[in-house]
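**Q** Let's have the full structure, built from the sequences with the hints guiding it.
Those protein sequence lines, which keep their order, are chains C, X and U. Each residue of the first sequence is one higher than the one before, starting from 1 at the first, in the working numbering. Each residue of the second sequence is one higher than the one before, starting from 1 at the first, in the working numbering. Each residue of the third sequence is one higher than the one before, starting from 1 at the first, in the working numbering.
Hint data in this document are derived by calculation from the structure and do not stem from the laboratory. Please note that the accuracy of each hint is not assured.
Same chains, same names: a pair is fine if it fits in one copy or spans any two.
Stated by the list, open to error - In silico SDA-like pairs for lysine to any residue, Cα to Cα no more than 20 Å straight-line: (1) Lys-62 <-> Asn-121; (2) Lys-254 <-> Glu-341; (3) Lys-254 <-> Leu-324; (4) Lys-414 <-> Glu-47; (5) Lys-414 <-> Asn-69; (6) Lys-295 <-> Thr-285.
Everything numeric in this text was worked out from a predicted model, so none of it was measured.
One-letter residues, chain by chain:
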Amino acid sequence: MLQCGYSIVFGSRNPRMSSLLPNSAEVLSYSEAAQKSDIIIIAIHREHYDFLTELTEVLNGKILVDVSNNLKIKQYPESNAEYLAHLVPGAHVVKAFNTISAWALQSRALDASRQVFVCGNDSKAKQRVMDIVRSLGLTPLDKGSLMAAKEIENYPLQLFPMWKFPFYLSAVLCVFFFFYCVIREVIYPYVYEKKDRTFRLAISIPNRVFPIAALTLLALVYLPGVIAAILQLYRGTKYRRFPDWLDHWMLCRKQLGLIALGFAFLHVLYTLVIPIRYYVRWTWTNRTIAQAIAKKESPFSTSTAWLSDSYVAMGMLGFFLFVLLGITSLPSVSNMVNWREFRFVQSKLGYLTLILCTAHTLVYGGKRFLSPSILVWYLPSAYVIALIIPCTVLVIKFILILPCIDKTLTRIRKGWE
Amino acid sequence: MLQCGYSIVFGSRNPRMSSLLPNSAEVLSYSEAAQKSDIIIIAIHREHYDFLTELTEVLNGKILVDVSNNLKIKQYPESNAEYLAHLVPGAHVVKAFNTISAWALQSRALDASRQVFVCGNDSKAKQRVMDIVRSLGLTPLDKGSLMAAKEIENYPLQLFPMWKFPFYLSAVLCVFFFFYCVIREVIYPYVYEKKDRTFRLAISIPNRVFPIAALTLLALVYLPGVIAAILQLYRGTKYRRFPDWLDHWMLCRKQLGLIALGFAFLHVLYTLVIPIRYYVRWTWTNRTIAQAIAKKESPFSTSTAWLSDSYVAMGMLGFFLFVLLGITSLPSVSNMVNWREFRFVQSKLGYLTLILCTAHTLVYGGKRFLSPSILVWYLPSAYVIALIIPCTVLVIKFILILPCIDKTLTRIRKGWE
Amino acid sequence: MLQCGYSIVFGSRNPRMSSLLPNSAEVLSYSEAAQKSDIIIIAIHREHYDFLTELTEVLNGKILVDVSNNLKIKQYPESNAEYLAHLVPGAHVVKAFNTISAWALQSRALDASRQVFVCGNDSKAKQRVMDIVRSLGLTPLDKGSLMAAKEIENYPLQLFPMWKFPFYLSAVLCVFFFFYCVIREVIYPYVYEKKDRTFRLAISIPNRVFPIAALTLLALVYLPGVIAAILQLYRGTKYRRFPDWLDHWMLCRKQLGLIALGFAFLHVLYTLVIPIRYYVRWTWTNRTIAQAIAKKESPFSTSTAWLSDSYVAMGMLGFFLFVLLGITSLPSVSNMVNWREFRFVQSKLGYLTLILCTAHTLVYGGKRFLSPSILVWYLPSAYVIALIIPCTVLVIKFILILPCIDKTLTRIRKGWE
Ligand SMILES: Cc1cc2nc3c(=O)[nH]c(=O)nc-3n(C[C@H](O)[C@H](O)[C@H](O)COP(=O)(O)OP(=O)(O)OC[C@H]3O[C@@H](n4cnc5c(N)ncnc54)[C@H](O)[C@@H]3O)c2cc1C
Ligand SMILES: Cc1cc2nc3c(=O)[nH]c(=O)nc-3n(C[C@H](O)[C@H](O)[C@H](O)COP(=O)(O)OP(=O)(O)OC[C@H]3O[C@@H](n4cnc5c(N)ncnc54)[C@H](O)[C@@H]3O)c2cc1C
Ligand SMILES: Cc1cc2nc3c(=O)[nH]c(=O)nc-3n(C[C@H](O)[C@H](O)[C@H](O)COP(=O)(O)OP(=O)(O)OC[C@H]3O[C@@H](n4cnc5c(N)ncnc54)[C@H](O)[C@@H]3O)c2cc1C
Ligand SMILES: NC(=O)c1ccc[n+]([C@@H]2O[C@H](COP(=O)([O-])OP(=O)(O)OC[C@H]3O[C@@H](n4cnc5c(N)ncnc54)[C@H](OP(=O)(O)O)[C@@H]3O)[C@@H](O)[C@H]2O)c1
Ligand SMILES: NC(=O)c1ccc[n+]([C@@H]2O[C@H](COP(=O)([O-])OP(=O)(O)OC[C@H]3O[C@@H](n4cnc5c(N)ncnc54)[C@H](OP(=O)(O)O)[C@@H]3O)[C@@H](O)[C@H]2O)c1
Ligand SMILES: NC(=O)c1ccc[n+]([C@@H]2O[C@H](COP(=O)([O-])OP(=O)(O)OC[C@H]3O[C@@H](n4cnc5c(N)ncnc54)[C@H](OP(=O)(O)O)[C@@H]3O)[C@@H](O)[C@H]2O)c1
Ligand SMILES: CCCCCCCCCCCCCCCC(=O)OC[C@H](COP(=O)(O)O)OC(=O)CCCCCCCCCCCCCCC
Ligand SMILES: CCCCCCCCCCCCCCCC(=O)OC[C@H](COP(=O)(O)O)OC(=O)CCCCCCCCCCCCCCC
Ligand SMILES: CCCCCCCCCCCCCCCC(=O)OC[C@H](COP(=O)(O)O)OC(=O)CCCCCCCCCCCCCCC
Ligand code: HEM
Ligand code: HEM
Ligand code: HEM
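**A** Shown next, in the form of structure tokens:
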């Protein structure tokens with residue numbers, strides 16, 4: 001990687017990156033190299049930095065580019081770049097390039113971010129490094145003084161930090177509802193009717209768990225906004241910070257929403273394959289055969305047709321809007337719309353999605369809802385539990401948009417107290 | 001918001017944005033603040049600007065950043081920034097930041113556009129403001145002189161301006177075809193056969209309306225190109241502007257196409273749930289039972305199998321290409337392709353999509369097409385009407401690409417007359 | 001287009017682009033125009049460049065912007081811009097704008113790339129041209145010296161260069177498997193049972209070909225990484241270039257993967273319409289009628305239910321991850337993630353996708369796998385052949401991640417020898 005203990009004579013456009021030393025590169029000793037070059041890329045691990053102390057004189061006034069990364073977040077108290085600046089006080093230390101994979105750069109397959117975060121105390125040195133970045137076809141992003149180095153060094157070690165909480169939350173939801181349904185639909189029939197229903201684990205039960213998780217997560221996207229509004233109403237001002245948990249929750253609504261979309265997508269797939277499943281076909285066929293043998297046709301019920309068609313229709317429209325929300329979260333699309341448009345889609349259409357999905361579940365429940373037969377070991381159907389949060393959010397939101405309350409809220413948000 | 005009647009001592013990176021006044025911020029009277037600062041952000045409503053006239057002297061040579069917005073488009077004859085420049089002639093007025101939501105900035109949840117439009121007459125002042133924008137992690141976009149302020153002030157008030165015409169057009173189409181189908185499929189059976197078919201309103205009729213809207217809109221995407229070609233042929237030159245309506249129509253083809261994609265997506269969803277609908281299953285089951293009781297199996301018709309399979313296959317391929325067109329309209333994808341590639345996808349594959357979708361509908365109509373039984377109250381099936389525009393477009397396009405005409409057209413477009 | 005034999009007086013923001021000559025434009029003779037202007041856009045075909053030799057004196061010190069394109073790649077030995085620089089040695093030649101469609105610019109419908117590649121030997125001239133580019137609302141991209149002009153001139157002539165190999169490969173795969181299946185499923189029944197199965201050409205056979213192509217291409221995405229690893233292990237170093245074919249293969253993995261996603265999408269569509277196909281419904285109905293007439297219900301087999309449900313479930317999960325891989329390849333999304341996150345999704349989730357899809361096919365094959373009845377004219381089922389590459393890749397990968405081998409490999413990739 002970024003070999004730079006060796007000075008490299010500048011020939012082609014990105015020779016200093018090349019690890020297959022090109023012919024035009026001179027290989028010199030450290031101090032010689034340091035003397036000859038103006039900009040020195042320090043591509044060695046932090047542990048070996050101390051040998052640079054011997055070169056402090058030679059390095060005086062030179063630009064040192066620190067590209068190092070650590071193996072863990074919080075491995076050292078100070079950032080590598082600050083440590084380097086401390087070791088070689090005369091040099092202008094600039095932190096850069098650490099987020100870029102040298103291998104990807106070299107093999108021209110660079111698909112992840114092309115942004116190079118740059119920071120440093122000397123703005124001229126920073127400018128020169130940013131020019132190099134640009135000449136390599138990458139985009140420099142100035143992050144300010146060397147104090148930002150810590151953040152920059154942590155960046156490549158992160159693995160979806162904002163997705164962690166939504167991910168764990170949805171994992172917990174899934175596991176809970178999975179076991180809940182297993183108890184109701186596999187263990188109960190086994191205990192009481194000695195029926196082997198384990199095959200339901202593959203599709204039927206996931207197709208309860210996924211939509212429930214989707215609906216719950218979707219409601220949890222809109223819950224913090226509602227809580228924030230209540231808090232602002234209660235406090236009568238917007239000039240006080242929300243509690244930390246609420247703040248964090250509001251910041252990961254996008255991630256919650258996208259995970260909800262993922263579950264909804266799975267629900268749709270799982271629903272659409274219903275008619276090609278062996279179990280379902282077997283049931284339908286046998287019911288038909290039984291009726292044919294008994295020579296009686298079932299009568300047509302218009303109300304059932306209405307209910308069945310309308311819950312499916314609401315599900316489909318809800319899913320369509322859901323996908324639209326997903327599309328507008330794509331960075332390139334959200335970058336094209338102004339704030340008012342973004343809010344219109346995310347907030348207005350988002351609530352419409354929530355309403356449609358909740359209605360879909362309510363109508364699906366339909367008559368079954370209150371019949372006692374749905375209680376199994378005193379446990380209600382899973383979707384009944386799933387409806388609690390969405391309905392709560394919708395009811396509170398409905399209250400909040402009543403003209404009188406809405407006016408007070410708008411005033412508070414405008415800063416009038 | 002952008003509190004700036006108060007001058008703020010510069011400490012952290014974006015303190016002047018903070019409405020929860022940080023400790024490091026000094027609160028001074030207006031004139032004191034104005035004296036101390038160099039760049040002054042005017043975050044007050046236009047109505048209160050007049051008090052600034054008192055400060056004209058202090059403001060001489062200072063940079064005034066106007067961030068104000070109005071409540072309606074065309075509220076005032078001149079833009080706020082120009083009004084401000086008029087009030088304080090000695091200052092360098094720069095318009096900026098008005099498109100950014102202060103709340104979103106503060107809560108770090110900025111997802112809509114990060115572009116900050118900047119305009120102003122003094123290029124040095126503009127440069128300094130753009131530096132501040134950059135240091136806040138946003139992207140400045142220079143829009144030129146203060147004359148552009150009007151456009152910049154209108155921008156955040158817009159709500160999908162280019163989508164308006166396509167949206168209304170498709171609403172009209174939907175409503176028309178909806179009532180058309182209701183008459184044929186709900187009212188007619190009710191009047192003549194006293195059958196209650198209202199449940200068809202939920203899925204069956206939307207699944208006629210959506211694909212028809214999709215097909216018509218898709219044809220309307222390619223119609224203006226064809227009209228433009230005829231116009232150019234007729235005029236014999238490309239150096240004359242198209243009439244305004246054609247120009248506007250050509251500019252909103254993308255939006256028309258995406259709405260068509262939305263309808264096609266809904267059609268596909270509505271089609272795929274067909275087998276899980278109660279009504280459909282009831283019909284199939286009862287037909288089977290009737291046959292079983294009558295002890296006769298229906299014979300297999302290869303030609304029906306061919307027709308049925310091929311219209312569905314064409315629909316699926318058409319939809320696939322449709323989605324591809326959608327993907328290439330994503331700003332980030334279209335930004336990666338060159339003009340020739342974009343045209344190849346949008347124009348060539350676009351026509352292929354249109355051909356496949358039209359053929360899908362034609363073959364679906366199949367034999368039923370000409371049978372008189374499809375006339376209900378002298379109204380033909382809805383898809384017959386839907387086919388008119390697509391077929392016209394395809395026929396004209398076919399004529400236009402005949403070698404002789406194509407050559408003339410190419411010449412005209414090359415500027416040879 | 002870019003009329004510039006005529007000098008144009010600068011009035012509005014992009015007058016020099018306008019081909020409908022605005023009133024404010026003066027039309028002068030070439031030499032007069034050249035004298036008056038500072039920056040001259042040469043919008044004439046290369047063949048006519050020679051007349052410029054007469055103007056060499058006038059053009060001395062001026063900036064010449066070469067916007068020309070050729071009709072074919074490699075039409076001339078040297079680039080047009082270099083040729084121009086050679087003709088007019090005193091002028092500063094800058095190559096720019098050739099990638100932009102003048103027509104699209106003029107009609108404000110510019111949707112393809114807004115990047116303008118700029119190159120030139122004089123950096124001040126380049127800077128001025130880049131300013132013009134920016135003022136037109138486009139993004140300039142500095143490509144270095146005039147040597148880059150060749151590349152820039154070839155760019156707009158390209159038609160998806162990286163997609164060529166994947167496209168041809170998949171075409172070959174499709175054609176091969178198509179005929180393979182036609183032989184097994186259309187010709188064989190016709191020859192031996194005189195049955196007309198040609199209708200299978202529309203959906204049934206494509207629904208074998210598409211998933212097989214998807215699976216094979218997906219495996220081919222991960223094969224080069226495995227080969228590279230073996231090569232590195234064998235050589236014991238990473239400091240030697242891979243053979244060219246491997247290099248090229250590694251660079252078009254993204255395209256291979258996306259095409260595989262396209263096929264998988266088609267497979268899913270083709271699978272979901274199964275229950276609404278006439279042929280399938282006819283089969284199901286008749287089987288039911290036959291059973292009803294015989295008055296026997298088929299028994300329920302839990303193991304079949306398990307197998308059927310689990311292969312479908314694996315397919316759906318595989319497809320879900322597949323779509324996720326697709327979403328992270330969108331330029332705007334991949335630009336938001338760091339290298340570690342991108343590798344996590346593409347490499348870890350990618351292998352998971354491959355495992356799920358392979359398992360899906362394996363379980364689908366299930367018992368049928370080894371039964372001799374699947375051999376038709378000694379040809380095994382198509383999916384058996386399709387499984388060869390994926391299984392090989394997975395087995396080798398499994399060996400490579402055994403701790404001992406993995407350690408050696410990691411060392412080699414770290415540069416320790
Ligand atoms: C599929 C999907 C994708 C999503 N993608 C995104 C995404 O890309 N980006 C994203 O942010 N969200 C995304 N979300 C989450 C969600 O849609 C949005 O956060 C949405 O804006 C929330 O709407 P809201 O009306 O509840 O909240 P908000 O619009 O945030 O309003 C509620 C709260 O905002 C605060 N507020 C608003 N305006 C002001 C003001 N002027 N002054 C003070 N306080 C104010 C108040 O505290 C108020 O209580 C996504 C959701 C889904 C389902
Ligand atoms: C799902 C979907 C997504 C879409 N997304 C987009 C999108 O993102 N962006 C977009 O623009 N469109 C989009 N469209 C619309 C459509 O596909 C394109 O506009 C397409 O390019 C139209 O092709 P065409 O051949 O009819 O028209 P054109 O390519 O525009 O050609 C027809 C007319 O163009 C003019 N013309 C072309 N070249 C020249 C020239 N050299 N000189 C003078 N005149 C010339 C002529 O007037 C000619 O009559 C989308 C459509 C769909 C269905
Ligand atoms: C739908 C879909 C979309 C896709 N989109 C993309 C895309 O957008 N971009 C993309 O690139 N790919 C894409 N792919 C292809 C594929 O997922 C990726 O290329 C993936 O990273 C390959 O993983 P791998 O583990 O096999 O290979 P790699 O991660 O490349 O690892 C294997 C080889 O990489 C080399 N290597 C890795 N690290 C080092 C190192 N430090 N030093 C030296 N050599 C090293 C070694 O030669 C090693 O043998 C896509 C695939 C699919 C199916
Ligand atoms: N690989 C990447 O993609 C990438 C990307 C960005 C940042 N980084 C960071 O760059 C740094 C270096 O990574 P690397 O992969 O290049 O490491 P490496 O392959 O281990 O090489 C480090 C270099 O350090 C020198 N070195 C080793 N021990 C030394 C000692 N005791 N004293 C002086 N010099 C010594 C060696 O040079 P000589 O043997 O020639 O003296 C060697 O070339 C790390 O902090 C890494 O996080 C890597
Ligand atoms: N909110 C946003 O997201 C946003 C984004 C971009 C642009 N804008 C625009 O910025 C402008 C201000 O919006 P805002 O939300 O900040 O408004 P605001 O909350 O109503 O506050 C405006 C400020 O103006 C001062 N003020 C009020 N009356 C005044 C008077 N008669 N004379 C002098 N000063 C007076 C007040 O300062 P003191 O009480 O301290 O004197 C107050 O802090 C609007 O034009 C808005 O469109 C807002
Ligand atoms: N069209 C595009 O979208 C686009 C985009 C980028 C680059 N380009 C490139 O720009 C170049 C010009 O394309 P174009 O479409 O503008 O071509 P064009 O329409 O054929 O016009 C070229 C100009 O060259 C002049 N000309 C013709 N013969 C000449 C001769 N013998 N001596 C001197 N001048 C002569 C004519 O000017 P007078 O009759 O007034 O003397 C004419 O205006 C091409 O290389 C093209 O590849 C085009
Ligand atoms: C048919 C419907 C298909 C929908 C399928 C979708 C499932 C989506 C599930 C979640 C996707 C998460 C992506 C994660 C990537 C990531 O980590 O991305 C990480 C980045 C950066 O995240 P942070 O800013 O949080 O660090 O996130 C993004 O940039 C978010 C972009 C998300 C885009 C989601 C787009 C969904 C699009 C649906 C579009 C298409 C429609 C199709 C229609 C049929
Ligand atoms: C399975 C298929 C799924 C397809 C589902 C799609 C429905 C799409 C309906 C229209 C979408 C409109 C978005 C509007 C956002 C907006 O207002 O966006 C507004 C911006 C700015 O618009 P203006 O420039 O006109 O102001 O528009 C855009 O940037 C357009 C981007 C549109 C991207 C559409 C992408 C469709 C993608 C399909 C991809 C995925 C594939 C999936 C496959 C299965
Ligand atoms: C429901 C699933 C739907 C999936 C449907 C997808 C089929 C995709 C087939 C391949 C697409 C290729 C696009 C080619 C454009 C091009 O040439 O693009 C060319 C550019 C530039 O290519 P080069 O860099 O190779 O020159 O490529 C790209 O920028 C690649 C972007 C590809 C994005 C693919 C996104 C797939 C997204 C799926 C998302 C949505 C999900 C939906 C869910 C349901
Ligand atoms: C195309 C769109 C959709 C269709 C066709 C659809 C269809 C269905 C069907 C058929 C059921 C009954 C499942 C069963 O019998 O086990 C169901 C249940 C359910 N759906 Fe949907 N749905 C769609 C979208 C959605 C969306 C977007 C959500 C919400 C986020 C959702 C939430 C639910 C819930 C919570 C249940 C109840 C789960 C249970 O307990 O069984 N659906 N849906
Ligand atoms: C996956 C892709 C598709 C499938 C499986 C499909 C399937 C079908 C089916 C089964 C019908 C008959 C509906 C009925 O009986 O009421 C139909 C009708 C129709 N389809 Fe599609 N289709 C697809 C895509 C498309 C697309 C992309 C378009 C065009 C834009 C389209 C346009 C139409 C039209 C216009 C009709 C006639 C509507 C009517 O009057 O009933 N289809 N399609
Ligand atoms: C929603 C997701 C999926 C579903 C519901 C699904 C369903 C099916 C079904 C029902 C079959 C049997 C087809 C037949 O009877 O002719 C099948 C076959 C197959 N599937 Fe999938 N599949 C899915 C995704 C995938 C994916 C992502 C791949 C791989 C890339 C894949 C690869 C295959 C292969 C190779 C076959 C065997 C083809 C043959 O020879 O018939 N499937 N799939």
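**Q** Determine for every hint whether it applies to the structure shown.
**A** Here's how the hints hold up against the structure:
1. For a Cα distance limit of 20 Å, the shortest separation of Lys-62 from Asn-121 inside one copy, 13 Å, qualifies, whereas the shortest one across copies, 28 Å, does not.
2. In this homomeric assembly, Lys-254 and Glu-341 come within 20 Å of each other (Cα to Cα) both inside a single copy, at 16 Å, and across copies, at 18 Å.
3. For the identical chains of this complex, Lys-254 and Leu-324 are neighbours both inside a copy (13 Å) and across copies (16 Å), given an alpha-carbon limit of 20 Å.
4. Only between protomers do Lys-414 and Glu-47 lie at most 20 Å apart by alpha-carbon distance; the minimum there is 16 Å, versus 53 Å within a single protomer.
5. Proximity of Lys-414 to Asn-69 under the C-alpha cut-off of 20 Å is restricted to the inter-copy arrangement: shortest distance 14 Å between copies versus 45 Å within a copy.
6. Taking CA atoms no more than 20 Å apart as the test, Lys-295 paired with Thr-285 passes in both settings, with 15 Å inside one copy and 12 Å between copies.
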